[in-house]
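Trainee: Going down the list, the protein sequences come from chains A and B.
Position in the first sequence (from 1) plus 51 gives the number in the working numbering.
Position in the second sequence (from 1) plus 9 gives the number in the working numbering.
Keep in mind the hints are simulated off the structure, nothing from the lab.
Glycine included, C-beta positions come from ideal geometry on N, C-alpha and C.
Errors might be hidden in some of the hints.
DSSO-like cross-link-like pairs, simulated, lysine-lysine; straight-line CA separation at most 27 Å [to be verified]:
| # | chain 1 | residue 1 | chain 2 | residue 2 |
| --- | --- | --- | --- | --- |
| 1 | B | LYS51 | A | LYS121 |
| 2 | A | LYS65 | A | LYS122 |
| 3 | B | LYS10 | A | LYS65 |
Take a look, some chain A residues computed to stay more than 10 Å from chain B by CB distance [what the hints assert, rightly or not]:
| # | residue |
| --- | --- |
| 4 | GLY53 |
| 5 | PHE63 |
| 6 | LEU78 |
| 7 | ASN104 |
| 8 | ALA112 |
| 9 | ARG119 |
| 10 | THR130 |
| 11 | SER131 |
| 12 | THR137 |
| 13 | GLY148 |
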Amino acid sequence: DGGITQSPKYLFRKEGQNVTLSCEQNLNHDAMYWYRQDPGQGLRLIYYSQIVNDFQKGDIAEGYSVSREKKESFPLTVTSAQKNPTAFYLCASSISGRELFFGEGSRLTVL
Amino acid sequence: KQEVTQIPAALSVPEGENLVLNCSFTDSAIYNLQWFRQDPGKGLTSLLLIQSSQREQTSGRLNASLDKSSGRSTLYIAASQPGDSATYLCAVPYQGAQKLVFGQGTRLTINP
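This is chain B alone, in the form it adopts within the complex (with noise of 0.2 Å):
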């Protein structure tokens, strides 16, 4: 069975600094992974879609890495902003690629 983890639960940094939230998940066979960003009381908005053939996808200050053997991937916000301030969330599909299942989140905080 596919398990998701992301470490720390929360974050708090001061506005400007460069910051990495962690994914990990146990089943390494996995055809890709998706970043996600979820606002207070909104939806999920998708970040990122890594492809298991690929190492990084890069979209303006985000960066993501996947490294399959060892069931991690990370996310690299650069020169963070207080707009940023949401909770992101990883998810790698399972049972034949049609359903994902999600890690529980990190909740980001970026002091001004």
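Next up, chain A with everything else stripped away, as it sits in the complex (with noise of 0.2 Å):
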């Protein structure tokens, strides 16, 4: 079935450490998305990309970092430098400018 599969689904982190999210689509999509969803605060744009080995900051990129050397896949780094990594992160899919496609999401928390 075609669709957005992330994983892993849930992730602890230690303090200090780097950990990557991944995120892989077979539906011929150009552009991909990571979003950040905390209670009370909506969903936040991390990091978008329209093409591949090209990316652009979101609204809130500071302590992460993407790579896209494939159509297909899209991962997200969350590093020490994110103060705050505990959340639910979803990653998205679509042609450039039409309906969005969301993954399940992978739910990280710092111990």
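Fit chain to chain and form the complex, with the hints in mind.
Mentor: Quick look at the structure:
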């Protein structure tokens, strides 16, 4: 089935560690996005990419990094510089400017 | 700057009722508006996408309307069922249609 796969579903991180969240899509979409969701704050855009080997910062990019080496993959690294990384992370994709589709999310908890 | 507001934040109704969820946005120069559903601990599921040239879009028991001039959209749910219980979010593009700004959602509970 076509869709967006995020892994892992749950992840625990110690202080000072970098972690990478995976996002893979087989929808042949050009654009991919990472959002962060916190209770009471809605969804906030971290990074987005419209084509391979190119990406732009969203509203809250500090402490995060991404790569887009393949059209179907857009991994997000949460670095130790992110001071409050505990959140629900959502990956999405679209044909640029059109309907947005989401993965099932990854919940990151800092111990 | 585009801002999206959804009121009420939570709504509880008995099964079988028809209901309306509201979404308002500050900048009427939008390309489209999208409604999503989110179940607890899950990702967002796209329900309806309304293009700026459309006034309505329907899918099954769901009907979404768009009034750009007043900066409003409504999601109408007919004959509500307990399985409709979820958080409903609306979103509009900004900064060249490549990004979406989301409302904070309406948490809907349908009581059997």
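Trainee: Indicate, hint by hint, whether the structure satisfies it.
Mentor: Each hint tested on the structure:
no., hint, verdict
1, B:LYS51 with A:LYS121, "holds (26 Å)"
2, A:LYS65 with A:LYS122, "violated (31 Å)"
3, B:LYS10 with A:LYS65, "violated (37 Å)"
4, GLY53, "holds (13 Å)"
5, PHE63, "holds (16 Å)"
6, LEU78, "holds (12 Å)"
7, ASN104, "holds (17 Å)"
8, ALA112, "holds (12 Å)"
9, ARG119, "holds (14 Å)"
10, THR130, "holds (22 Å)"
11, SER131, "holds (26 Å)"
12, THR137, "holds (15 Å)"
13, GLY148, "violated (4 Å)"
Hints 2, 3, 13, counting from the list given before, are not met by this structure.
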